[in-house]
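Protein chains in written order, with numbering that gives the first Met the number 0: chain G, 0 to 283; chain P, 0 to 270.
Derived from the structure by calculation, the hints contain no laboratory data.
Careful: at least some of the hints might be erroneous.
[As the list claims (entries may be wrong)] Computed footprint of chain G on chain P, listed as stretches where at least three residues anywhere in the stretch have a Cβ under 8 Å from a Cβ of chain G:
1. 181–187
2. 236–244
3. 258–266
[Claimed, not checked] Straight-line Cα separation of at most 30 Å, BS3-like style, residue types lysine-lysine; simulated pairs:
4. 107(G) - 155(G)
5. 109(G) - 122(G)
6. 268(P) - 18(P)
7. 268(P) - 109(G)
8. 72(G) - 155(G)
9. 131(G) - 268(P)
10. 69(G) - 23(P)
11. 255(G) - 19(G)
12. 155(G) - 179(P)
13. 228(P) - 131(G)
14. 131(G) - 81(P)
15. 180(P) - 109(G)
16. 15(P) - 122(G)
17. 46(P) - 110(G)
18. 122(G) - 231(G)
19. 72(G) - 122(G)
20. 255(G) - 231(G)
21. 179(P) - 72(G)
22. 34(G) - 231(G)
23. 72(G) - 107(G)
24. 122(G) - 155(G)
25. 72(G) - 180(P)
26. 15(P) - 131(G)
27. 15(P) - 155(G)
28. 131(G) - 23(P)
29. 18(P) - 107(G)
30. 180(P) - 268(P)
31. 109(G) - 131(G)
Values in this document were obtained by computation on a predicted structure and should not be read as measured data.
From the three backbone atoms N, C-alpha and C, an ideal C-beta is built for every residue, glycine too.
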Amino acid sequence: MSGQMEITSISKSFGVGPLKQVVIEDCSFNLESGKLTVLIGPSGCGKTTLINLLAGYDTVDSGQITIDGKPVKSPGRERLVVFQEAALFPWMTTFENVTYGPLVRGEKNKKEVEREAMELLRKVGLADFKNKYPIQLSGGMQRRAELIRALINTPKVMMMDEPFRGLDAMTRELMQEYYIRLFEENRLTNLFVTSELEEAIFLADRLIIMSNKPAKPREIMQIELPRPRDFKMLTSREYVRYKQDALEILHEEAMKAFAAGSKASVADFLEAYSATKEPAETDK
Amino acid sequence: MASNGPNILKGVNLTKLRKAVFGKTTYRGIIAIIVTLIFWEACARLKVPVIGMIPAPSSVARSLTGLLFEASYWESWVVSFKRVFLGFIVAQIIGIPLGLTMGMRRTFRDLSFPIIEILRPIPPLAWVPTAVIFWPTPEMSMIFVTFLGAFFTMVLNILGGVRNIDIRYIRAAESLGSSKKDIFWRIILPATLPSLFVGSTVGMGITWEVVVAAEMIASRSGLGFLTWKSYVAGNYPVIVVGMISIGIAGYLSSSLIRFLGSRLTPWLKII
């Protein structure tokens, strides 16, 4: 098994002088091979920056990121990102989007790629939409298409940057099911970033709770719910316990940000709070 | 759905075409034109001040029928079209690569942008005297002036198009293993096409404005000159014929660009 990523005391800041903003500081954790690691933290805590660093779109100020022992320097097909809002190429049909990666690298013949693409499209229920352009697909379909556009390249690590954000609750649940089924089938190393706690626990093998700016892991929880998972687990006792533990930590983090008092932190707090408020109430 | 898919890909969809030609929009358009003509004719007959001074549609139609059989009238069309299209095509040939390079290369953009921004506000017509002096033939100076009309709009639209490309498209393409060449041809270029066609449509409009004015000032042929000549000769119905011809010519040219645009950017047509 490969796809082990080690993140060792990395830091990243933007701007210079008085405008300098430290987004990530002395942050270390790892992505275990074949495990689904979920990273949770309030919006604006630097999760996207972290993904950009892991993907190689941006470089660290200090520290090191390695995959299977080799340092990460540039974007590569062994670490693929599914973005917050779908980033399908609007000028290509669903099919062209999915086959883009393998064809552009030219490592397999066209027939083979097309067969694989069809199989994946069928698996996520998009076979009938292969000749549609992204604009003609619903939000959920776009995310599924993007998921398989990444999967067809058999990356070692899949990185999901709040991929289901902005979808309605029903579609979101459906997507979580598609996603977890695909994961349980292929067992690639996965990093899933989210600000939704229920989603986080439902998906995770390991849950990393981030502290607010500068971002670094505050707590790493092992989520030992059995796989394959389904939504019935959301009512199980273990699940509820995990959630309460996590909520406590998240709440502490949000309060800290609130106490820090800067305008941005208050906004972060409000967002973080609204993201977790609902489950907190139902728990009582 | 599956059986429906390939049909859409065939490009020209007959049902859609029939709907477009015989649809409500067409009827409304025709009715609007007829009502306008009746109103105009009535104003002319009743000698309404100002508006009634324009030659009536009936007399314009009479002049037009006469002109339709004159080779010189059609020559005016050809001459103007030639000027517009030559200027426009040169603007594309120079403007597209320039705009793309400016969008992608910061150093080049920093160097070229100020010059373009200083030259851009100069109306193309202000170039007419200089153009007549430094181009060897009057025809070339005409084409140069029409070129200017389309050029700046093209460059700025393409530049804007490149700079507005969502960084995630490029990142995704990089991650998926695209070479620099792939990123240019399969990401940057298609992503810029919509703004390229916006620039072209606007540019095409400007070239007609410019060519007509330039013909009035510095030429002895073309639709602009036809209109001006009729004014000088006091042949008022022909002035209107000239104006309407210019309108139709501009409309045909823009339609051509729009047609090309919709064929080359099929993903923008929503369902």
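To see whether the hints hold, each was checked on the structure:
1. 181–187: Holds: 3 residues of the region 181–187 of chain P have a Cβ under 8 Å from chain G.
2. 236–244: Coverage by chain G is violated here, the residue count being 0 at a Cβ distance below 8 Å.
3. 258–266: Held - the region 258–266 of chain P has 3 residues with a Cβ nearer than 8 Å to chain G, which meets the minimum of three.
4. 107(G) - 155(G): holds (18 Å)
5. 109(G) - 122(G): holds (20 Å)
6. 268(P) - 18(P): holds (16 Å)
7. 268(P) - 109(G): With a Cα-Cα distance of about 28 Å, the restraint between residue 268(P) and residue 109(G) holds, given a limit of 30 Å.
8. 72(G) - 155(G): Satisfied, since the Cα-Cα distance of roughly 16 Å is no more than 30 Å.
9. 131(G) - 268(P): Answer holds: residue 131(G) to residue 268(P) is near 11 Å, not above 30 Å.
10. 69(G) - 23(P): Roughly 65 Å separates the two Cα atoms, so the pair is violated.
11. 255(G) - 19(G): holds (21 Å)
12. 155(G) - 179(P): holds (23 Å)
13. 228(P) - 131(G): violated (54 Å)
14. 131(G) - 81(P): Since the Cα atoms of residue 131(G) and residue 81(P) sit roughly 39 Å apart, the hinted pair is violated (cutoff 30 Å).
15. 180(P) - 109(G): Measuring from Cα to Cα gives roughly 20 Å; hence the hint holds.
16. 15(P) - 122(G): violated (33 Å)
17. 46(P) - 110(G): Given that 30 Å is the threshold and the Cα spacing comes to 75 Å, the pair is violated.
18. 122(G) - 231(G): Within the cut-off at roughly 23 Å; holds.
19. 72(G) - 122(G): violated (33 Å)
20. 255(G) - 231(G): violated (34 Å)
21. 179(P) - 72(G): Since the Cα atoms of residue 179(P) and residue 72(G) sit roughly 17 Å apart, the hinted pair holds (cutoff 30 Å).
22. 34(G) - 231(G): holds (22 Å)
23. 72(G) - 107(G): holds (26 Å)
24. 122(G) - 155(G): Answer holds: residue 122(G) to residue 155(G) is near 20 Å, not above 30 Å.
25. 72(G) - 180(P): With a Cα-Cα distance of about 21 Å, the restraint between residue 72(G) and residue 180(P) holds, given a limit of 30 Å.
26. 15(P) - 131(G): holds (18 Å)
27. 15(P) - 155(G): violated (47 Å)
28. 131(G) - 23(P): At roughly 28 Å apart (the allowed maximum being 30 Å), residue 23(P) and residue 131(G) satisfy the hint.
29. 18(P) - 107(G): Distance ~44 Å between residue 18(P) and residue 107(G) Cα, so the pair is violated.
30. 180(P) - 268(P): Distance of about 27 Å is within 30 Å: holds.
31. 109(G) - 131(G): holds (20 Å)
Going through the hint list in order, the structure does not satisfy hints 2, 10, 13, 14, 16, 17, 19, 20, 27 and 29.
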